[in-house]
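Peer 1: The primary structure of each chain is shown beneath.
There are 2 protein chains.
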Amino acid sequence: MIDHPAYDVSAWSLRESELNFDVLPQSESVFALSNGHIGWRGNLDEGEPNGLPGSYLNGLHELHALPYAEAGYGYPESGQTVINVTNGKVIRLLVDDEPFDLRYGTIRHHVRELDLRAGVLRRSCEWVSPAGRAVRVRSTRMVSFQQRAVAAISYEVEPLEDQVRLVLQSELIANEEIPRVAGDPRVAAALESPLRAEESSAAGTRLRLVHSTTRSELRVATAADHRVEGPEPTTKISSESGDDVSRLTVTAVLDTGQKLRLEKYVAYGWSATRSLPALRDQADAALVGALDTGWQGLLDQQRAYLDDFWDRCDVEVDGDTEIQQAVRFGLFHVLQAGARAEERAIPAKGLTGSGYDGHTFWDAETFVLPLLTFTSPRAAAEVLQWRANTLPAAKERARQLGLAGAAFPWRTINGDEASSYWPAGTAAFHVNADIADAVVRYVAVTGDDAFDKDTGLQILVETARLWRSLGHHDNAGAFHIDGVTGPDEYSAVADDNVYTNLMAQGNLVAAADAAERHPRHAAELGVTAEETAAWRDAAAAMTVPFNAQLGVHEQSAGFTRHQVWDFAATDREHYPLLLHYPYFDLYRKQVVKQADLVLAMYLRGDAFTPEEKARNFAYYEPLTVRDSSLSAYCQSVIAAEVGHLQLAHDYLGESAMMDLEDLENNARDGLHIAALAGTWTALVAGLGGMRLFDGNSIRFAPRLPDALSRIAFRLMFRGRRLRVEFTNSSATYTLSEGKPLEVLHYEEPLRLTTARPVTRDLPAFKHLPEPTQPAGRAPRRRHHPA
Amino acid sequence: MIDHPAYDVSAWSLRESELNFDVLPQSESVFALSNGHIGWRGNLDEGEPNGLPGSYLNGLHELHALPYAEAGYGYPESGQTVINVTNGKVIRLLVDDEPFDLRYGTIRHHVRELDLRAGVLRRSCEWVSPAGRAVRVRSTRMVSFQQRAVAAISYEVEPLEDQVRLVLQSELIANEEIPRVAGDPRVAAALESPLRAEESSAAGTRLRLVHSTTRSELRVATAADHRVEGPEPTTKISSESGDDVSRLTVTAVLDTGQKLRLEKYVAYGWSATRSLPALRDQADAALVGALDTGWQGLLDQQRAYLDDFWDRCDVEVDGDTEIQQAVRFGLFHVLQAGARAEERAIPAKGLTGSGYDGHTFWDAETFVLPLLTFTSPRAAAEVLQWRANTLPAAKERARQLGLAGAAFPWRTINGDEASSYWPAGTAAFHVNADIADAVVRYVAVTGDDAFDKDTGLQILVETARLWRSLGHHDNAGAFHIDGVTGPDEYSAVADDNVYTNLMAQGNLVAAADAAERHPRHAAELGVTAEETAAWRDAAAAMTVPFNAQLGVHEQSAGFTRHQVWDFAATDREHYPLLLHYPYFDLYRKQVVKQADLVLAMYLRGDAFTPEEKARNFAYYEPLTVRDSSLSAYCQSVIAAEVGHLQLAHDYLGESAMMDLEDLENNARDGLHIAALAGTWTALVAGLGGMRLFDGNSIRFAPRLPDALSRIAFRLMFRGRRLRVEFTNSSATYTLSEGKPLEVLHYEEPLRLTTARPVTRDLPAFKHLPEPTQPAGRAPRRRHHPA
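Line order of the protein sequences matches chains F and B. Numbered according to the numbering used here, the first sequence spans residues 10 to 795. Numbered according to the numbering used here, the second sequence spans residues 10 to 795.
One should not assume that every hint holds.
Claimed, not checked - With beta-carbon atoms standing in for the labels, derived distance ranges: (1) B:R224 <-> F:E79: 16 to 24 Å; (2) B:G785 <-> F:H482: 24 to 32 Å; (3) B:A459 <-> F:D580: 40 to 48 Å; (4) B:T618 <-> F:F555: 33 to 41 Å; (5) B:R727 <-> F:A557: 52 to 60 Å; (6) B:T618 <-> F:E79: 36 to 44 Å; (7) F:N556 <-> B:F702: 40 to 48 Å; (8) F:D252 <-> B:G785: 54 to 62 Å.
I should point out that these hints are in silico values taken from the structure, not numbers from a laboratory. Here the structure is a predicted model, which means the values were calculated and not measured. Glycine residues also receive a C-beta, built at the ideal position from the N, C-alpha and C atoms.
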């Protein structure tokens, strides 16, 4: 955990004004810059000290054998791990004869600030060397949203008291030493020296390294160029290169009042297929483009890109400044993770760290894509297109498992299954319905017909085929899906998981509907009337376990009959439970790691009555320990829906502060992109009550907890730009762009036009008595700010 | 599979008269000699060619890390593997200047014969070298039952046509090269060069090697001595030694009519605690004992030991000579596996190979101990004493898993859990009840009160404690055991497995009963009246799932509702299914690897009505694929009980021929000791209808399939020796030793005395229509011999 507060609360930036070595790895994640293609962790410019050096290129990975003490049929043999690629961030500084290293000497002043509107990381530091030389270093770093292959740094150093001799070494470094980690399965298996040198050069101010990976056979080219400003005639430049390092050296003697300034432009290119010369040229070309744009030009482009972003999707929260900051921080990082991923996956930690081996999971479709769909639909489409591109691998996996259609991987970088632990991997088939659901949502929100009949239809058809072959009708005709694992990873290999069954039901119907909408395209996929009828039959006969005695749904068949976990006897230090109790024991008892039935009540809200939702929420809250970052936001949404606004606020706060307070104790490996996106969902779908319905309509049901005075959010829907603003008493709907649109305010249809906003009073909110959580696992209560 | 017939059918021996290199590894297992302490595979004397060189000492193992791609709490970190220890079998021969190697030259005659009454392996071979020199080699090998640390060989060679110069090299060799195997999880992970040389010597005819293992830190001393008889003056002797080899060399020039004969005596000692000198002395002492007894003396002791054995337990079968041979072969190998194990486990493959890493499983208690209990009760007690000795490890494992009492390991050599695959390992808690059941059976059969109140009570109490903490009462009071794996490894992590629940029920009651019998000893274990009451309550409230609609028991809750495996679409080449289908799919469907509910109907027959047994058997037969060697015998027992005598005979045949025909395709790694013991059970409990009841009584219900004309078997029961013989019409009970005994013949009580046998007619047998098996999985039909 990060002691609160580590960062200054501010509406449009995240700022640290003290350097705490203990949370250096966490701050490297928080201050990471990315555009979805390149990711640079917020390592200090001089490279050391560091928590985890990190430079990533989306999709660039190495393979490794997955070990099994006892192998089994269909166990994936090859794992995938994101690798730390060539580091272009490093600018080392020698002050007289001493390295600028903040572990030694005295820090007089230290500020780092992530500017959410400018899209840069600024740093300012005053340091006195052990020998007494005082210097000020200022740097600004960016990963360009507009120029996808480019990152850049402006670095400036000046003496504060005496003349100093400075040496700057601006480097490209490959195969940096990475800290070894062991024990915690959530931490990525470190790969040592994953890059094999292919070419290295240094000429004038230009540096270049080309490397390739051994097993995955991917090639990466990194090029850098520089502009140097320093006092004549003492400023001198040289460069040199070796296998794993290419280096520009600048020396200068500065008097007080003089500055040495370096602009560093870095370009990356990687490919599985392109030749070394082609890739070298690609990186050089990107570099020339960046040099031509220049530093100020890059800054201007970055701000313009973000101005548009914030205009589309900013969320304003009055009454809780932490959440105001956190939601914008989250929006910014989700944008960074997805903006330019372009037919690559969005990893669970984005490109902010190597956690979860850089894999993508169902989080991308279920937690991250909703936000992107409503704010950056093109980015959402790119992720779904990536999934569609991996259909051959998913179909092969299904075939291997004896199933029809496509079985998308539980965790992957390249589309192949990389999950070795099958009860929570192979058996977690819901990922397929989650992807289908993202397709349906994307089409509903954008009306993108071209996507619908091609990419969308393919995914829906192949996943529907999977479900039809995975489930079966019993003697009485009821359709069952047995032996699968739902979202809650403290249950596994269970029959008729309600979340899975309802999502599969939606998947089957959506595929049949899409095939009807696009009969010619469906026929090309071999879909027949018999097949869609079988999908509809299975959907209509889907089993949804319900315990009539308790009046609640069973997370899966038999769940509510199981023994309740002994929460009273569970030491608070023993969370997360998975690190202190065996899976077999977690699996067989009533204890919920993360929203499962509650998530079903959000994503398939139509399948539950309001009374069932309230009863289910009351039943599952005391069982849910939230040992996952994927839970709080969803509990917030349903809490708001069923009658617990304070609890909704509390869970919203937990989701929002997940990484800023490091609540899961692993922000060091990267941020939880899904939780950051979930914060937006908690505000918009939870307090804003937004739901899609009937495939093409949108409904709002705004409601504010006591502590908040106003929320405003923006959306894109079917080509319109919408703004929704609400207080404790009323809501105002503004259509700022696009053709008229009908929306629901609660049950009332409103016709919105760009002519003028529409305002309506809020109905009275019916509060229910709050449920309890397991001992010690209640979310932190949020209060009015003083 | 071994092409039938590979071995000559003979009542008291197993004989091959042709050397088939393709089945060399299988024949090495079949011809393995062991006394439960030392195991020598039937490798050819000259060492090569070989399938798998194998010399084992019960319990001597090495440790190795268990790898996990994703680790989890409570996963065992250290694996155990039996190692191939110093080979004392090798006697190499040079004929003139050519090595005696059966891959070259011409084999004129080859016979190997395992003599089940003499307890030796005889070999006779006439071979012509590539250069045309003809020799006859005769050897006899034994592992002594009477002198536990000793094995010996008599080796004789003579020229057949011309004078030859012979060189014999009699060796002790450590760290032999072992074939590497991969892919099949059932094959032991090979460990390369596991032995570290500590001492080596050769003086006169005496050889010695002392080695130790690296991680398990065990020391093994091997010593050999020789008696040489050859023609004077050409016979010369020398010896030498190095780290991993100690060698006696004999040279001689022989004319036809002359022989060179070598007696080789080998002694082993191993220990985790004894010093090098102590262990060296131990091996030397054993060797001196053997030399003193001499070759003929050892032969005489061996035969005397076996005469007594056969007198106690021989089974005669008229009408199926293959089964007659196989059952004696099985009895002999079970004796070999267990006779002198002496507070060590009986591994699944005995000491006949390295399969299953040399681990012991529940098979030992459930399949092997019944035979030993009725025939060699001391050996049965030794195994149970070994389990009791591992109670500290089992209690620690239970603690680690958050449970009370003791959790015995699923697979182990040293008592620590070595199963990495938890759904079939950790979750297979039934092993604890299986051990308890063996305790109850042992006490019932022997009346061993000293064992009952000490070793037995400890095991019963700690396992009962486990069950009480593993299960729970639901709101209605019913007791459930959720999320466990029963014997059927094609289902896992299920609720209320009938086998587990019934065995646990028996365990709980037996512990309460034993605590009542021995209140003082129970009090020392902390047992209170409250605790035994809780055990009895749980037992009384035990849930036994029953599908009322189908009128059958559910293997576990919900099992009969699951989809039935598509047997029609399953290629016959795709058995065993586990090598061709993923576990997740096997687990969620109705497909049974091995008797589970059917085993419950045997071991807890009292819990089912005859009608239920018949209906259950008819239901589960078409689902049971027998991808395990642990199934056929048990299906034979229940088939005989419910009304299918021909099927009982067929399954008896399959169990009997398991290794002789290599039906599981892995006899190369060692014999299936449990299946061999099961053959006896199929005869005695199946066709003989023997059951224990009321804790101290015994009942018979003999019935013969058409093809058989007579069965006779012998037993020990409460100090008596009993003989039961039956034909198609009558049964004769003979008490050959001991006080009068009352037994049941069907429902009729018979009072047996040593005065005279009692004969009774057999009641008419009620045949039921035969159930079917999955397509292609019916057992081979057995017919009348021609």
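Peer 1: Would you mind marking each hint as holding or not holding in the structure?
Peer 2: Do the hints match the structure? See the list:
In this structure the hint that R224 of chain B and E79 of chain F lie 16 to 24 Å apart at CB holds, the actual value being about 20 Å. Distance hint check: the CB atoms of G785 of chain B and H482 of chain F are about 26 Å apart, consistent with the given range 24 to 32 Å. For A459 of chain B and D580 of chain F, the hinted distance range of 40 to 48 Å is satisfied, since their beta carbons lie about 43 Å from each other. Between T618 of chain B and F555 of chain F the Cβ separation comes to about 34 Å, which falls inside the hinted range of 33 to 41 Å.
Distance hint check: the CB atoms of R727 of chain B and A557 of chain F are about 55 Å apart, consistent with the given range 52 to 60 Å. Evaluation of the 36 to 44 Å hint for T618 of chain B and E79 of chain F yields a pass: the beta carbon distance comes to about 39 Å. Distance hint check: the CB atoms of N556 of chain F and F702 of chain B are about 41 Å apart, consistent with the given range 40 to 48 Å. Restraint check, D252 of chain F to G785 of chain B: a C-beta distance of roughly 60 Å satisfies the suggested window 54 to 62 Å.
The earlier numbered hints are all upheld by this structure, with none contradicted.
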